[in-house]
Each structure stands twice: as C-alpha cells, then as structure tokens.
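> Residue numbers (the UniProt record's numbering), protein chains in the order written: chain A, 1 to 194; chain B, 1 to 194.
To be clear, the hints were calculated from the coordinates, so they are not data collected in a lab.
Do not take every clue at face value.
All copies of an identical chain are treated as equivalent in the list; a pair is satisfied when it fits inside any one copy or across any two copies.
[What the hints assert, rightly or not] The list that follows gives simulated cross-link-like pairs (lysine-lysine, DSBU-like), each with its CA atoms no further than 35 Å apart:
no.	residue 1	residue 2
1	LYS182	LYS152
2	LYS64	LYS152
3	LYS78	LYS64
4	LYS152	LYS78
Protein chains: 2
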Amino acid sequence: MARTTGSHSDITGPRVRAAALQLFARHGYAAVSMRQIAREVGVQAGALYNYTPDKQTLLFELMKTHMEELLEASSVRKSIEPLEALDEFTQLHLNFHAERPDEVFIAYMELRNLGPDNFAIIERMRRRYEDQLEAILRAGVEGKVFQVADTKVATMAVIAMLTGVNTWFREGGRLSLEEVGKIYTDMVRNAVGA
Amino acid sequence: MARTTGSHSDITGPRVRAAALQLFARHGYAAVSMRQIAREVGVQAGALYNYTPDKQTLLFELMKTHMEELLEASSVRKSIEPLEALDEFTQLHLNFHAERPDEVFIAYMELRNLGPDNFAIIERMRRRYEDQLEAILRAGVEGKVFQVADTKVATMAVIAMLTGVNTWFREGGRLSLEEVGKIYTDMVRNAVGA
Numbered sequence: 001m002a003r004t005t006g007s008h009s010d011i012t013g014p015r016v017r018a019a020a021l022q023l024f025a026r027h028g029y030a031a032v033s034m035r036q037i038a039r040e041v042g043v044q045a046g047a048l049y050n051y052t053p054d055k056q057t058l059l060f061e062l063m064k065t066h067m068e069e070l071l072e073a074s075s076v077r078k079s080i081e082p083l084e085a086l087d088e089f090t091q092l093h094l095n096f097h098a099e100r101p102d103e104v105f106i107a108y109m110e111l112r113n114l115g116p117d118n119f120a121i122i123e124r125m126r127r128r129y130e131d132q133l134e135a136i137l138r139a140g141v142e143g144k145v146f147q148v149a150d151t152k153v154a155t156m157a158v159i160a161m162l163t164g165v166n167t168w169f170r171e172g173g174r175l176s177l178e179e180v181g182k183i184y185t186d187m188v189r190n191a192v193g194a
Numbered sequence: 001m002a003r004t005t006g007s008h009s010d011i012t013g014p015r016v017r018a019a020a021l022q023l024f025a026r027h028g029y030a031a032v033s034m035r036q037i038a039r040e041v042g043v044q045a046g047a048l049y050n051y052t053p054d055k056q057t058l059l060f061e062l063m064k065t066h067m068e069e070l071l072e073a074s075s076v077r078k079s080i081e082p083l084e085a086l087d088e089f090t091q092l093h094l095n096f097h098a099e100r101p102d103e104v105f106i107a108y109m110e111l112r113n114l115g116p117d118n119f120a121i122i123e124r125m126r127r128r129y130e131d132q133l134e135a136i137l138r139a140g141v142e143g144k145v146f147q148v149a150d151t152k153v154a155t156m157a158v159i160a161m162l163t164g165v166n167t168w169f170r171e172g173g174r175l176s177l178e179e180v181g182k183i184y185t186d187m188v189r190n191a192v193g194a
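Please take these sequences and the hints and turn them into a complete structure.
Right, dumping it as structure tokens:
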C-alpha cells in the first residue's frame, strides 16, 4: 500500500482505531494485544505507539468518540412538542445504533475495562444522553401528554428497550429497520402512557 | 480448611463454579486462566481438571445452569389469563435477574466466547424462554386484551426493557425492587397496549 509521507499518520490513526474496534468487538478487550492490532493494521508493534500511548487509551478513545457522536446527533432536535420529540428520539436512537453494532457492543461490554477516570468521563456522557430523554418525558408529564410514574426509571426502560434491538436486528431479515422503527415508535409511546 | 474425603468433590465442584463465575464476571472469560480459578478455590491448577475438563466447559455449564433455572422458574405459571400471566412474567424476570447479577452479566457478555455447539444449545434455551412470553402476548392479542403489532418484536422489547434493570438497579438505592417491580408492571402492560 503506497502512502505519501505527509498523510501517513492521518491515514494510519483511523486504521488503528478501526482495527482495534473490530478486534475488541470480536474477541473482547482483554484478549486482544497491541501486537495483534499492529498485525491487523500491517505495521510493526513498535510503530503503533506513534498513534496511541496504550491499549487503554485506544478503548477509551473509541468509547468517547462513540458518545460524542451520539450526543452531537441527538442534540439537533427539531421538535419541541414532547410527543414529536419522543418519536424523534426513538428514531435517532434506533438508526444511530443500528449503524454502529461494534461500537454499541463495546460501549456496553467493555465498561468494566475502563480505568476509573476514563469510566467517570464515559459515565457522565451517558448521563447527559439519558438526561435528554428524561427532559422530554418530564415535559410530557407536565403537559399531561405522558403518564409516567418515575421519569428516571422510564428513561432507563425506554433506552434499554431501544438498544436491545441491536441484539436481534439483522439487515435483510424479516423486518426492515423502517418497519422496526414504526413498531418501536408505538411501543415507546405506549410505554410512557402517550 | 478441613474437608472430609467423601465430600471433597461435592464441595469443590460448586466452589470451582462460584470462583469461575466471579472471575469471569469481573475480568471477562478471555482474561481468566484456569490457574487463576484454581488459586481462588485454593487448589493446585492440576487438581481443577478433576472437576472440569476445560475453561469452555466451565463457561458453558454456568450459562446452561442459569438458563435451566430460569426455564424451571418461569414454567411454573399460575395464571392463565393473559394480563395476569404478563404481570407474573414481569415479576419473575425482575426478581430472578436481580438475584443473579453475575450470571446475567455473563449470559449476555460471553455468548461470543461459546463454541458453536454450546452456543446453539444456549440459543435454543433462550428461544424457549422468549417463546413463553410470546405465547402470553399472542393469547392477549387473540383475546383482544393486548394491542401488539408484532408479537416477536414486542417479546424482544419487553425482555430487553426488563433485563436492562440489572444495569442500574442497586439494593439500598432510591427505589426498592418492589417499587421498581410496580413501575415496570405498568410500563410493560402499557407497552403491549393492555
């Protein structure tokens, strides 16, 4: 593979992250060595340290980037009416997660392998995402369009329900993602008493 | 620790499984060695092979036992009315999983580490569990007490919603398991249009 010297690190950085993502998702963080990642990228193990200080940083960067993209995507909400905002949240969550099976898998499976400081940062980002849904549910309860006993619990229930789609949905299966989206839009509305 | 010779294997077998369960849940299957499990139990690494042929068998046995217990617990259903049967399913799922955080964690996280034959067996058991809920939903749809667009999708949604409780519920937290159970009973009923 020919590369110009100038773009060397620009190209290799993303390839290192892509290889780490795929290997972590397939074998688990603990089972993957820096040497394996280097082999997958096609560089010497030593060269890998030009792009990342260690395996923990690689894991953390993957999880942080995933959460940053999720927060960015979900912050652009067009609707202010609670019911429409809820539908938008449902669609965005399903589409965003369906497109990133490896990232979602790692985000849930490898939390235990983050160092305490890194864990705290990722937890805060997850909390911010949950807060977005909880704000929608609160607005809906205040506006008497939703009936929810506990907005925090309902938030966790809806997110778990939606993320669960990743464990069974396959492109080309019985239902399209659009059909799944319609079914979940109704179920989520129902679950919060809309 | 004094042990009588007769009960040696009876006592050590469960201790091997308990140690494997705890270590797999904390560090992940791939990161745990038979040597570490032996150390935790307090036996020589070689002695471990009196109780289990290998690490894969240990993982499979843990997951199989978990599913057997779940299927046994859920097969004893008192109610035949769909709405009551649904409430019973909700309560049983929540209580059963809340009592077994390590087993639940492993059941989801380590599926990828099962050999193909073992995976197929566990998948079939999971399918049988899902079928129990789907049968309740179908009966409710036929009896016009539930409104569900797709009973298979609703089954996966309800199970994901309920299992998600394990990621945030802590004994001694803001809500008791009983309170959480009441909230989820309503949310699950709502989700299936009851």
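> Please go over all the hints and tell whether each is borne out by the structure.
Here is how each hint holds up against the structure:
Taking CA atoms no more than 35 Å apart as the test, LYS182 paired with LYS152 passes in both settings, with 24 Å inside one copy and 14 Å between copies. Taking the closest pair of Cα atoms, LYS64 and LYS152 come within 35 Å of each other both inside a single copy (23 Å) and across two copies (34 Å). Taking identical chains as interchangeable, the C-alpha atoms of LYS78 and LYS64 lie at most 35 Å apart only when both belong to the same chain, with a minimum of 25 Å there against 47 Å between chains. In this homomeric assembly, LYS152 and LYS78 come within 35 Å of each other (Cα to Cα) both inside a single copy, at 23 Å, and across copies, at 32 Å.
Hint check: no violations occur; every hint is consistent with the structure.
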